[in-house]
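Taken in sequence, the protein lines are chains A and B.
Position 11 of the first sequence, counting from 1, maps to 11 under the numbering used here, and the rest follow consecutively.
Position 108 of the second sequence, counting from 1, maps to 108 under the numbering used here, and the rest follow consecutively.
Derived by calculation from the structure, the hints in this document are not laboratory data.
Incorrect hints may have been included.
Among the chain B residues that face chain A by a calculated CB cut under 7 Å, a handful are [as the list claims (entries may be wrong)]: (1) Leu44; (2) Ser46; (3) Leu49; (4) Leu89; (5) Ser105.
Nothing here was measured: the structure is a model prediction, and the numbers come from that model.
A virtual CB, placed ideally from N, CA and C, is assigned to each residue, including glycine.
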Amino acid sequence: EAGVAQSPRYKIIEKRQSVAFWCNPISGHATLYWYQQILGQGPKLLIQFQNNGVVDDSQLPKDRFSAERLKGVDSTLKIQPAKLEDSAVYLCAMGQGENEQFFGPGTRLTVL
Amino acid sequence: KQEVTQIPAALSVPEGENLVLNCSFTDSAIYNLQWFRQDPGKGLTSLLLIQSSQREQTSGRLNASLDKSSGRSTLYIAASQPGDSATYLCAPRGRGSARQLTFGSGTQLTVLP
Chain A
1 EAGVAQSPRY
11 KIIEKRQSVA
21 FWCNPISGHA
31 TLYWYQQILG
41 QGPKLLIQFQ
51 NNGVVDDSQL
61 PKDRFSAERL
71 KGVDSTLKIQ
81 PAKLEDSAVY
91 LCAMGQGENE
101 QFFGPGTRLT
111 VL
Chain B
1 KQEVTQIPAA
11 LSVPEGENLV
21 LNCSFTDSAI
31 YNLQWFRQDP
41 GKGLTSLLLI
51 QSSQREQTSG
61 RLNASLDKSS
71 GRSTLYIAAS
81 QPGDSATYLC
91 APRGRGSARQ
101 LTFGSGTQLT
111 VLP
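Bound conformation, chain A alone:
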C-alpha cells in the first residue's frame, strides 16, 4: 500500500445517490489504474490513465461512472447514480510501464 493513498476508506449510500472517490499517489508514477473488486472476486480494471490521458476505459460503465486525473497526479472516480450492484471495493493502483503495480488500501462502497 505504500505510495498510494485513497479516501474515504468506507462509504455507505442509498441507490440513486452520487459518490466520489479520491486517489492520491504519494510518489510519482505515470500510470494510474482504477479497479472494482466485488466480494469473492479478483479486481476488475475500470480505467487506466497514462499521465493525464485515458489509455483504456472499455470496462467503465460510462452511463454512470466517470473518472479524471488532474495534472497527471491525483485522480477521482465518480458514480452517478449508484446502483445496488456497485457495492464493491474500489482500488487505485500506480505503475511505471510494465513494472510492478502498487495498490492503495481501497474504498469500500455499500449501496443500500
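Given the coordinates of chain A, work out where chain B should sit on it, guided by the hints.
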C-alpha cells in the same frame, strides 16, 4: 480475452507445512505475471513479479514459477506461518498496447497455529 483460474479457492493447513497455490491462464502471450497478497479489508500487496523470460522468482519463503507455454504459474510457500493467512491473487500482464493485468479470484489461505 484472458481468463485466469486459481485452484484451490480455499485452503486450510497447519502451521509449518509447505504448500503450493496454482494459477492457470488461457492466453500464453503474456509480458509478465505478478503474485499479490490481500489481507481482509486491505489493498493488494505485491509479492513477486516474474518476467515471461524467467522460470522462477524467489523472495524469502516464497517461490513463484512460470510455465508460459502451458499457461501455468505456481506460488510455493515454505514453512507456512499463521501470518501467511490471506488471499493470494495471480495476475498475468497482457502484451496488448495497454498491457493490463487480469486477475484470478484468488486462493484464500488459512494457516492454523
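Status of each hint after checking the structure:
1. Leu44: holds (4 Å)
2. Ser46: Serine 46/B check passes; min Cβ-Cβ to chain A is 5 Å, inside 7 Å.
3. Leu49: holds (5 Å)
4. Leu89: holds (5 Å)
5. Ser105: The hint holds - serine 105/B has a Cβ within 7 Å of chain A, the shortest such distance being about 5 Å.
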